[in-house]
Each structure stands twice: as C-alpha cells, then as structure tokens.
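Model the placement of chain U on the given structure of chain E, informed by the hints.
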Amino acid sequence: MIRTLQKYNAIMTGNEAVAMGAKLARVRFISAYPITPQTTIVEKLAEMIANRELDARYVEVESEHSAMAATMASELTGTRSYTATSSHGLLYMHEMLHWVAGQRLPVVMSVVNRAIGPPWNIWSDQTDTMNQKDTGWMQVYCESNQEALDTILMGYRIAEDRNVMLPLMTMEDAFVLSHTSEPVNVPEQKAVDDFLPELDLSYRIDVDRPMGYGSYSTPDGPFMELKKDMHDSMDRARKAIRSVTAEFATSFDRNYSGLIEEFLTEDADYVLIASGTLASTGKYVIQRLREKGYKVGLIRIRFFRPFPADEIRKAVKGTKGTGIIDRSISFGSGGNTFLEVSSSLYGTDNPPLYGFIAGLGGRDVKIEDFEEMFRIMEKKEPGQYWINIRRGD
Amino acid sequence: MFEIRFHGRGGQGTVTASRILALAAFEEGKYVISFPFFGTERRGAPVTAFTRIDDQPILLKTQIYNPNIVVVLDPWVLDNGDAASGISQDGMFIINTRKKPEDFDLERKTFTVDATSIAVSLELGTKANPIVNTAILGAFAKATGLVSLETVVHATMESSPNKKQENADAVRQAYISVRIG
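Read top to bottom, the protein sequences are chains E and U. Each residue of the first sequence is one higher than the one before, counting from 3 in the numbering used here. Each residue of the second sequence is one higher than the one before, counting from 422 in the numbering used here.
Bound-form chain E, shown alone (with noise of 0.2 Å):
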C-alpha cells in the first residue's frame, strides 16, 4: 500500500529537482557544455526537450564561456533563459557573467560547487562561486533538494523584478545534494505559472527599434553611474528576495525566511554561521547538543549576495561566540563568509568571531567535527582554525 508522506510526491536528487524546477519555469533557451556533477541537470532538460515535456531550444556549445555568450545572447531577445554548470566550468564562464549583469540579464543559473584544481577534485568545495561573488550576480545557497528546485522558480521572480534586473545563481553542494535522493514536492505547473507570469523584457532586442547594447563608456560617460546603479539595485533586491520569499510561502506552503534562515539562535550562547548542506548537519548536531542541555544555534545564509549584513548582525547579538564556517579559502586572507561577516560586525559591539575551514575538496564534515567548533568556541582565543586538518601530510 502506497502512503507516501502527505507534502512530497517525489524522490528526486539534487539535479533532477533543479532540471524539475527550470521546466517548471518555462525556460525557453537552455545552453549548456556537460561538466560532472552538473551533467544531468542538462542531460535531464535535454531529455524533456526531445520527449516535447519542455517546449525550449537547447543549444549544445563547445565551451561554458560560450555557453554563458549564447545564454546572455538569448536573453536579450527576451526569452527566458537557463544554464548549469559547475567548478572550472564557471571559472571559464567568468568573463560572460559580468557582461550578464552588466546588461542588466535576468538569467538564471545553477551551478552544482565543486573544487578547483589541482589537485583534480570532483567533490564539494564552494570556491568556484565564492570567485564570483563579485560579478553582479546574485548567489543562493540551497540546503535541500527541495529548495533547489523552489530555488529557481523564486530566482527568476527576484532577478526579473523591475527594481532588480540582475542574474541569480543557485548552488547545490557536489553530491552531497546533486546525487543525493530525497523526497521532493514537485508543485503543480498551474500554481508555478501563478507564481511566475512569462517574462516581459522592456528593453528587448528588436529590429524595428534598433537600440545599442553593451556600448562603450569613457570615463566621463556613465560607466561609473552604471555601476552604482548595480550597487543599489543589489540592495533593492533585498526587498524584492524577502517580498517573493513571502509570497511563495502563501502560494506554495513553504517558508524560506528571506536572506538568512536562523535555527535556534533567539537564547544561543553560540552560535554557527553556515551555508548549503554544512547547515544541514549543523542543526542536526545543534539539535543533538540541545537535547543536553547546550544552548546553542546556527544561522544559514542563504542569499551570499545580496549578503545578509543586517540580518546577521541582529541574529548573533549578545551571542559569546560566534563561529562561521567556509568550504573555500581566499589564501593570505581567510574564509570568504567570515570575511564577509567580520566586515558586517565592524564598529558594532560584535561577539568574538571564530573562523572554521572546513570540507575543502570534499572532505566529510562530521558530527564531531562540529562539536571540536563548538569546543573551540567555548576553550579557544577567537581567530581562524582548520578542522580536521592531518598533520605531518
């Protein structure tokens, strides 16, 4: 007898949620160059394209940057847009994702994070988006296949929002979520097309209004006006990100709380800033050290741009430590988030910061892992650690 839990009517991976998700979006372009472990996220589209589940062109490319050119071109013609890719695969795209955004694209991307090499690695690790965070796109970590996939439906409402018009990459961890099953409520696509009307690009490539597009600016020109327009527009996303996150629960019944989701914390004496599926065990093991007595919390960040810097701020107020954990390192300086947090806290009364490396290349963080954070928090002077580091290697 078949009675499946009430909300989800779907085991899915990561990928297949995400491929689920742009269908559901009605993308009408996808370009796209396979790179594992994005690749089925493409070979899943690809298939709904052959089999006319998904009335879209797929355009195969010799490379991400082009793939990203193609997209961007696409996009232009307004006609929504979408791609996948993953690791060295968005290194390559780098170039194009600023001129995404500085063309003002609503393009919707899902990278699945991956390591950089060498050494080759094929497994989780946030260092290919954390190098482009300074694109102008926006960057959402997911935890869960299911907000992978409401992920993009929400994105493309937040990135064509009049007072934003910027791109939005969603990520998923190497799979840990891309390759992992979980249950999965695949919406209705009437309630998604409620949700999500067909775009309606103002300022579309049209040959009976020709227009220039991408241009040239001297130093007086608007280059530097453009640029601040941006800025702000990534501020204005704030609302729009926390507007769009409270209608989709009233649409769909599933609240993601806007920029950051806070586990815990309102008592915290400590507390753990952490994003995708880290966050994910991390409230495991808080749920755990709860159940002994610790007070203790944790803070996802979810939207990594916009960053969250007032949200934060209130969330780890009167804490006695705080730690904040990285996937990915920016050598000769530290962790991204921390970075990005300690930034956030300056000339406030903050708490003492702690900064935990953690998963490079894959490496399982486990729960006791995050109890050595923990310990560290409560015995330890606030700086940087490496956790499960080997010695002697």
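For the record, the hints were derived by calculation from the structure and aren't laboratory data. Just so it is clear, CB atoms sit at the ideal spot from N, CA and C, and this is done for glycine as well.
Not the full set, but computed from the structure, chain U residues with beta-carbon under 8 Å of chain E:
| # | residue |
| --- | --- |
| 1 | Phe447 |
| 2 | Glu449 |
| 3 | Ser455 |
Simulated pairs of lysine to aspartate or glutamate, DMTMM-like, Cα-Cα distance not exceeding 25 Å:
| # | chain 1 | residue 1 | chain 2 | residue 2 |
| --- | --- | --- | --- | --- |
| 4 | U | Lys521 | U | Asp511 |
| 5 | E | Lys319 | E | Glu380 |
| 6 | E | Lys294 | U | Asp475 |
| 7 | E | Lys9 | U | Asp476 |
| 8 | E | Lys9 | U | Glu571 |
| 9 | U | Lys584 | E | Glu49 |
| 10 | E | Lys294 | U | Asp476 |
This is chain U only, laid out in the frame that chain E set:
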C-alpha cells in the same frame, strides 16, 4: 533513524539498490535520504552507497560511519575493504553469497542469500556481471522487516527501466531463500 550502508562493486547496481530501498521506505510513509560515495566509477571497483530512513525529516548529510545494517553485494569487499567498519553493536549483515551465515564470524547477526544465482537464472545482467541489486533487496525486506515485500516489489518495478517482471521475481525469490543466522 536507521542507517544502511551498501557495499558492492561497479556494475552490480549498488547505488540503485540504495535508491530503490529509499523509494520503498518513502512509499511506506517514511522520510528517506539515499546517496552514493561517488568515486571514479568503473566496472569492478568497490562502490559504497548509503540510505537513511526515519520518522523525522533527515538533516544529517554526512556519510554513514556507524550503520545499523550493512548490505554486501559482493563478498569480495568483506575481505578487501572496510565493509564491516563501524557497524553498530546490535547491527546486522546481509551478504550475497553461497555460504551459510554460520560460515561467517562477524560478531553480528548475519543473513546470507545467493543473489548471484538468482540474478543469473533470471538473466539480470550477464553471467560474468550479474546485477544482484534487486535480489539483495528481497533478502533485506525479509531480514530487517523495515520495509514490506510488496513495497519493495513495487519500488523495484517502478525503478527498473526494463525486465520489470524479472526484477520483481528476483526480489520475491530472495525473500523466500534468505538464510537466517
């Protein structure tokens, strides 16, 4: 929460086994998560996959280090790997082998099933590379009682791209023929 770790070799359907089990438990109203340890996949190389089953949403996303149940699709990995590593005190083994449970000295409850012969007789895979994943799940259902035979059969048929009936038969034959230690 039940934590199940599958050990096999590339080509036996180890990852699929972990996913079919998750689907079956999901179809019985449980929360599930299923994932492979993704290495360099090639035929014959050791493969590990994981399934968690719980009444609560599953937040824990680490690999499984202290499994309640270890499922061995190829006895070779028992001698040439870490299949037994960390198994809980009250844990159990389910092993694809011609041997009897008493032939093993694993200090845990041990069940055996000749999934290879079942797969070969039903022409699942080839004689050299039989796909034993569906047969071992029949043994799992009987040994653990965690999922019913009928849901495993249903999940198996839903997950099999072809030879649906043969795979369902493999589940049923293994359910009947599993040896209890």
